[in-house]
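Next come the chains, spelled out residue by residue.
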Amino acid sequence: MSQLLKERVCARAHPCAGPLASLAKWITGANTRWIDCPAEPRQRIYFANHTSHLDFVALWAALPEPIRARTRPVAAREYWVRNAVRSYLATNVFQSVLISRTDTAGRNLLSPLLDELERGSSLILFPEGTRGNGDEVAEFKAGLYHLLHFKPEIEAVPVYLENLNRILPKGEFLPVPLLSRVTFGPPIRPQAGEPKSEFLDRARRALCRLKDL
Amino acid sequence: MTWLFGLTIAFLIAGTVAGQILKRRMRSDAAQATVANLNRRIGAWWVLCLVFGAALALGNGAVIALFGLFSFLALREFITLTPTNRGDHRSLFWSFFLFTPLQYFLVWIQWYGMFSILIPVYAFLYIPTRTAIAGDSSHFLERTAKIHWGLMISTYCLSHAPALLTLNIPGYAGQNAKLLFYFLLVVQLSDVLQYACGKLLGRTPIAPLISPNKTWEGFLGGIALATAVGAALYGVTPFRPWQAAALSLLITLMGFAGGLTMSAIKRDHGVKDYGTIITGHGGVLDRIDSLCFSAPIFFHLTRYFFAV
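Heads up: the protein sequence lines correspond to chains A and B, in order. Be aware that the first sequence starts at 1, since it is given in my numbering, and climbs by one per residue. Be aware that the second sequence starts at 1001, since it is given in my numbering, and climbs by one per residue.
Among the clues, some could well be false.
The calculated DSSO-like cross-link candidates involving lysine-lysine, where the alpha carbons are at most 27 Å apart (straight line), are [claimed, not checked]:
| hint | chain 1 | residue 1 | chain 2 | residue 2 |
| --- | --- | --- | --- | --- |
| 1 | A | K25 | B | K1266 |
| 2 | A | K196 | A | K25 |
| 3 | A | K170 | A | K211 |
| 4 | A | K196 | A | K211 |
| 5 | A | K211 | B | K1199 |
| 6 | B | K1023 | B | K1199 |
In short, the hints are calculated from the structure, not lab data.
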């Protein structure tokens, strides 16, 4: 019973979520494109390049409301629990899954994410692990592969975030209000017997390809 | 005044209805695109009318703030199209959040001496200094020039339109809103008429490498018709008929120059860099490029020859 109740609560958006998403879209001037990827509420892992603190919010806001309500961004606990406002936003409004970057055993790190997938949620993941300078997308960490390996029925959707590093670059705290773009690309899945490194490389190329479309 | 406003609204309603009918009738892609372009222009005209509605209802402060918002959005588009790098971040921040609001604040308090040099002098010296402090010397002059140029066009030039409200013209006190409306009407009408004449009669492109859609036929037809309308409406201005005609001719020519210059910039940067990013959010700069070029000229000539 309590499990059921929890699920119903999870699927409902926070009253601030809608207005906050609209505000985020206006501030980042985001133009959203879905290329060979229908915007429908199926279970997915959205993975994106990471250059700015705004990435998380920009991608979350770009999702249509019914999809957003069932999607949980994966974020670094160290950053989001630093003060009460951030912590409240992360857990209640964005409904994110906070994981610790300093955890050692890889399998334990993923278990909260697997629980979420088990519950039927979609995830937003930044497989580079940290923010880059915007020039190049770094090598992916293995988490994306492991999650898809455990739940082979889920598809992974590449999302290319453009210009957010110019709006709020690494190391700056004041944003410059430029226009940005969020591009969703065709979903991918690991093929039977595909080695980890090959899949991660393929996923990275699928993401980078969206820049030129 | 009221009849001028009422007439414009009547034309707009007719235009909107015609645009919607055409949208349903047109089959080919090219015709669809032309009608879509026309409907966007009609949309811009509605905005222009709301500006004026606001002027009547809320007073000068509201109009100045609205133009400030247009400047902000235009600068946003301009800088998005212009490649800048990390070292420009702080200069850009102050361009958006200090210089742009301050410029419009100076219009509001009618401090002409400062309003006319804030961006040409103070921002001009501040931007390269801040960029130098950031410590990245690559393409230094190019980067600072681009930021300053964006600020000059989007903020400085455009702010001369609402500044018309602050002029003290003998025998015309309390009627400056009419002058602003007249200016917007003539310049925007010239844009539409150049476009329409170009579509109907256009054969000979003026600068085919920059904008294949701008033709001599469209240019001459649009400028002549808009000047004629500007001259006919002399009654709402402080000008004599020949003065209204001369000023209309000048601002429509400046409007053309604005459209052509911005096309050249878009061709150079936008189309190959961030052109597609703008879809859906852009278009402010496209609609106001002609105003940016004509506003300072119209403001200064009116100020020198008619104001005290």
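Hints, one by one, checked against the model:
no.: 1; hint: A:K25 <-> B:K1266; in the structure: holds, 24 Å
no.: 2; hint: A:K196 <-> A:K25; in the structure: violated, 35 Å
no.: 3; hint: A:K170 <-> A:K211; in the structure: holds, 20 Å
no.: 4; hint: A:K196 <-> A:K211; in the structure: holds, 24 Å
no.: 5; hint: A:K211 <-> B:K1199; in the structure: violated, 35 Å
no.: 6; hint: B:K1023 <-> B:K1199; in the structure: holds, 17 Å
Checked against the numbered hints above, the structure violates hints 2 and 5; every other hint is satisfied.
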